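Residue numbers (UniProt numbering), protein chains in the order written: chain A, 1 to 303; chain U, 1 to 300.
Be aware that one or more of the hints could be misleading.
No more than 16 Å apart at the CA atoms, straight line, and that leaves these computed lysine to aspartate or glutamate pairs for EDC-like [stated by the list, open to error]: (1) Lys252/U x Asp164/U; (2) Lys110/A x Asp38/U; (3) Lys69/U x Asp80/U; (4) Lys110/A x Asp197/A; (5) Lys252/U x Asp248/A; (6) Lys217/A x Asp197/A.
These are calculated hints, taken from the structure and not from any lab test. From a predicted model like this one, the values you see are computed outputs, not experimental measurements.
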Amino acid sequence: MAFAAFSTAEVQPQVTRRKSPIALFLLLPGILYLVLFFLTPLFSLILTSLQAPSEFGDIGVYDYAFNWQNYVTVIQDYWPHILRSFGYALLATVFALLFSYPIAYFIGVKARRWPLLQSLMLVLVIAPFFISFLLRTLAWKQILSDESLIITSLKAIGLLGPDAYFAGTPFAVVFGLTYNFIPFMTLPLYTTLERLDTRYLEAGSDLYANAFTVFRKVTIPLSMPGIVAGTLLTFIPAAGDYVNASRDFLGGPDTQMMGNVIEANFLVLLNYPAAAALSIILMAAILILVGVYVKRSGTEDLL
Amino acid sequence: MSGEVQAAAVLGGLTESEESETRRPPQAPRRRRLGLGDWLLPAYVVIAFVFLLIPIAYTFVFSFNDSLKSNIAWRGFTFDKWLNVCNVEGGAVCEAFGNSILIGVVSTVVATTLGTMIAIALVRYRFRARSSISLLLFLPMATPEVVLGAGLAAQFLAVGVPKDMTTIILAHTMFCISFVVVTVKARVASLDPALEEAGRDLYGSPREVFWRITFPLLTPGIMAAALLSFALSFDDFIITNFNSGSVTTFPKYIYISAARGIPAEANVIASAVFIVALVIVVGAQVSRAARAKRLAAQTG
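Bound-form chain A, shown alone:
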C-alpha cells in the first residue's frame, strides 16, 4: 500500500540489482522535475523570507536582501497563531487516534475472517475522501449551526446553554481538523494491526495478563509503527491547514492558524517575505518535531 512509505522499511528487491544506464534514463526526468518544482521553490522560499521592501516603496515589490529581522517580526506578530496551529493540530491528532484505534483494530483483527467485510469497511473509512474536503467541512458547519436540529434540541434538553454556539469556536476548528484527518489515522493503524500476530496476544493471556494489560503491553507496542505513521500523517497536514480555521468555514477571528496568516500575507496583503518566513518556520518546526518524535518512539527505520 501507499502507506508502506511510512509504515514499513524499504521493500527488499527480489531481483538482483544491476547497474545500467537505463536507471539514469528512468530516474532523470522525474527527479529533475522534483528538483525544479519542489527543491528550487523551497530555496526560493528561503530567499523570499529574507527580502526587504523595495526602495521605491511599491506594495508587493521586494528586493533580495539578508533581512533576517523578518523572522523576528513574524514571530512577534503571529506567535499566537503559531502556538494555536501546533496546539490545535496536537489535539486533533490525539482525538483522531482515540477515535480511530478501535475502528482499525476491529477491521484489522476482529474482521480477519471476512475479507470482503474488511475491504468494504475500509471503503467506508475513506468514503469521506470522495466528497470535496471543503463541502464536508461546510456540511458540518451547517449541521451544527445555531438553528440546526442538533443544537436546538441540545439546548432544549439543557445540555447546552441558551447562548452556546459552535462555528467560530476553537472547539469547532479542532472538531473539523479531527474529522477531516481521521482516515489518515485509521489507514496506517489498520495496516499494522492487520499484520498483528494474534498468537502474541494469546501468549499474554496465557501468562495471566488481563485484557487491559495485554492491550497495553502487547497490542500497543506491536502497533507502534502504525501509531507513529498515523499521528504524523494527521499532525502535519493539520498544522498547516487553513480551511477549517477559515472564517467562512468553522473558524472565527480568534481561531486563525498559521495557514490562515500565510495565505492572507501571500495572497491578500502581498507581504511575500512575511508569508515565506512563516512557511519556513512551519516547515522547520514540523521537521524538528517529527525528528524528535520518531527518535523517541524508537521507530527511526520508518523513515
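Keeping the supplied structure of chain A fixed, place chain U upon it in accordance with the hints.
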C-alpha cells in the same frame, strides 16, 4: 487536500497483490466466552461509521433542495438541480468542474509516467545517491501543503511566470509524483521474477520482456497510482489556491462561494463524483475478492 495521502489506501486495496493474501498472519484468536467486548466494539464501529458518513449524507440530501441562491434552509425536494447543473451563474460551477477534470487528467498522465519510471528504477537498478533520491521523494509527502503552495508561488513570482492553468498543472504533478512512486514501487517489488526469466528463456528481447510481461503485470499498480493522482489533484485546494491566479477549480469555487452561500449545483457535482468514485472502488474490491476466491479454488 487534505488530499495528501488520501486515497493512498483506497487505492491501496487495488495495489495489494494477491501474494499478500497468502502471507496473512494467523486468524483471530479462538473465542473463549462471549463478553462485554464482543458487542461493545462492533457497536462503537457502527456508530463511528455513521458519524463519518453524516456530512456525506447531508451533502447528498441537499443536492435535492429546491433552494434559491444559498443552500442552507430546506425548501422542498426537487430533481431540478440534477437536471440543470450548468444553469446557475452562467455555468460557473460546471466551468470550475471542467477545469478540475482537465487539470486532473493532465497532471495524472505526467505524474504517473514519471513516477512509474522512478519506481522501476528504484526496485530494479543500483545507482549512487540512492538515499538522497529516497529523501527527495519522501519530503514532498511530509511537507505541509501550505508550504508547497507558497514555495511554488514564490518561485513563479521570482521567475515572473504568470499564474494560470499551466502553473496549477505543474504544481499538481509535483505533489502527485511521490505518491505514484510509493504505489507502483510496491507492485514492482512483488512481481515474481520467474515470470520475466521465463520470458528471457524463451528468447524474448529485453524490450519484448518488458512490454509483454513486466508492463502488463504492473498495470494494476499503475492504474491505482493514476486513480490516486487524479483524486489528489481533483480535491486539492490549498496548493491550487496559491498557484491558480484567476483560474477557478471546483474546490476553489466552493471556497470562494462559501461566504455568500454555495448553490445546490455544487452539491450535485460533488454527489455525482462521490457515486462514481464509490462504484469504481467497491467494484475493484469486489472483483479482487472474487479473483482471490477463484485463485484459492484453483490451488486449494
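Verification of the hints:
no., hint, in the structure
1, Lys252/U x Asp164/U, "14 Å, holds"
2, Lys110/A x Asp38/U, "10 Å, holds"
3, Lys69/U x Asp80/U, "14 Å, holds"
4, Lys110/A x Asp197/A, "12 Å, holds"
5, Lys252/U x Asp248/A, "13 Å, holds"
6, Lys217/A x Asp197/A, "14 Å, holds"
The structure meets every hint from the earlier list without exception.
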